[in-house]
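Given chain A, put chain B in place with the hints provided.
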Amino acid sequence: MIVADKKPIEEIIEEIKDYTTILILGCNECVTVCEAGGKKEVGILASALRMYFLNQGKDVTIDERTLERQCDHEYLEEIRDVADQYDAIVSLACGVGVQFTAEEYHTVPVIPGVNTCFLGATEARGLWTERCQACGECILARTGGICPVSRCAKRILNGPCGGSSNGKCEINKELDCAWQLIIDRLDALGKLDDYETISPIKDWSTDRAGGPRKVVREDVQL
Amino acid sequence: MRLKYPSSIKIVRIPCTGKVDILHILRAFEMGADGVYAVGCMEGDCHYDSGNFRARKRVEQARKILDTIGIGGERVQMYNLSAGEGPLFAKYAVEMHEKILKLGPNPLKLAKKKAA
Chain A
0 MIVADKKPIE EIIEEIKDYT TILILGCNEC VTVCEAGGKK EVGILASALR
50 MYFLNQGKDV TIDERTLERQ CDHEYLEEIR DVADQYDAIV SLACGVGVQF
100 TAEEYHTVPV IPGVNTCFLG ATEARGLWTE RCQACGECIL ARTGGICPVS
150 RCAKRILNGP CGGSSNGKCE INKELDCAWQ LIIDRLDALG KLDDYETISP
200 IKDWSTDRAG GPRKVVREDV QL
Chain B
0 MRLKYPSSIK IVRIPCTGKV DILHILRAFE MGADGVYAVG CMEGDCHYDS
50 GNFRARKRVE QARKILDTIG IGGERVQMYN LSAGEGPLFA KYAVEMHEKI
100 LKLGPNPLKL AKKKAA
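Line by line, the protein sequences give chains A and B. Each step along the first sequence adds one to the number in numbering that gives the first Met the number 0, with nothing skipped, and position 12 is 11. Each step along the second sequence adds one to the number in numbering that gives the first Met the number 0, with nothing skipped, and position 114 is 113.
Isolated chain A, as found in the complex (with noise of 0.2 Å):
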């Protein structure tokens, strides 16, 4: 999923501070599986800023809405009727939702609530971690279902590398070296022998490198 940190009240109240109606908009999504902009987090920042507000007697107007999803057009129509009555949306969704919530509602600023941040897993309550950068060509085939692009910090597809070292990375003692995983899954599924194939230059222009992307699907398209 999309892991996405909420971004200090202060920092949400000054970006708002000129308005007088507002949306604070959630996303039942990834945001809400990583508690920071479902449901829940809406209805105590939207709290948060009615109390903060009325107490520098300001009159200010903050409303709840959570959307399924708000990378989908379909759900984000659902606030068509209601979206001009606001002077701005506070939109808790991850970057892409923020932007897409932008794009269909041209004429009004959709702030962001939450700082997103990678693609990753919950590894326990409160912790999550990074799995995927995205990288568009998939090689977790080849290397035991560790990913080093996203795991390892020099992104490395032929590792160790020197920095390694008791099964740690040498930027952070408690970080593991992603290539250590690799060899120790590599050995565990008796597929050593792969960890000898040197892996060939990636190609990176499916990643960032190549500039913003986009998957066409003429298959599902109508």
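Treat each hint with caution, since some may be false.
Subject to a maximum C-alpha distance of 35 Å in a straight line, what follows is the list of computed DSBU-like cross-link-like pairs (lysine-lysine) [to be verified]:
| hint | chain 1 | residue 1 | chain 2 | residue 2 |
| --- | --- | --- | --- | --- |
| 1 | B | K113 | B | K98 |
| 2 | A | K39 | B | K113 |
| 3 | A | K5 | B | K108 |
Stretch-level coverage of chain A by chain B, calculated; a stretch enters the list once three of its residues show a Cβ under 8 Å from a Cβ in chain B [stated by the list, open to error]:
| hint | stretch |
| --- | --- |
| 4 | 42-49 |
| 5 | 165-174 |
Source of the hints: derived by calculation from the structure; they are not laboratory data. Using N, Cα and C, we set each Cβ at its ideal position, and we do this for glycine too.
Showing chain B alone in chain A's frame:
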């Protein structure tokens, strides 16, 4: 036991303090509460294992939010006691009551009056 505690305190009964959410605490202030405190079981004695620890964390988060928005985080408190400690329950009630008296009313009440 028939112990007395201040009549200003309204008890909201929940199955476990683990049910308390930051939102409940914030909404209480939005609705005009001067202070909120959660009374959970002793740490390590939670029937649901970690409900009171969850409550403590949420109380701390609510405190931070209330500090940020100028309401005052010290208006929220977490207490722990066992079900057999009635006198301590009354003592905490008095303690919280006096603390809130010192802090004064919820600033939102004044703000609402000014706005009216």
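Now the hints, each set against the structure:
1. A threshold of 35 Å between alpha carbons decides the hint, and for B/K113 with B/K98 the separation of about 25 Å falls inside it, so the pair holds.
2. With a C-alpha separation of about 30 Å, the suggested pair A/K39 and B/K113 falls inside the 35 Å cut-off, and the hint holds.
3. With a C-alpha separation of about 29 Å, the suggested pairing of A/K5 with B/K108 holds against the 35 Å cut-off.
4. Look at the stretch 42-49 of chain A against chain B: 6 of its residues bring a Cβ nearer than 8 Å to a Cβ of that chain, three or more, so the hint holds.
5. Counting residues of the stretch 165-174 of chain A whose C-beta lies closer than 8 Å to any C-beta of chain B gives 0; at least three are required, and the coverage claim is violated.
Going through the hint list in order, the structure does not satisfy hint 5, though it satisfies all others.
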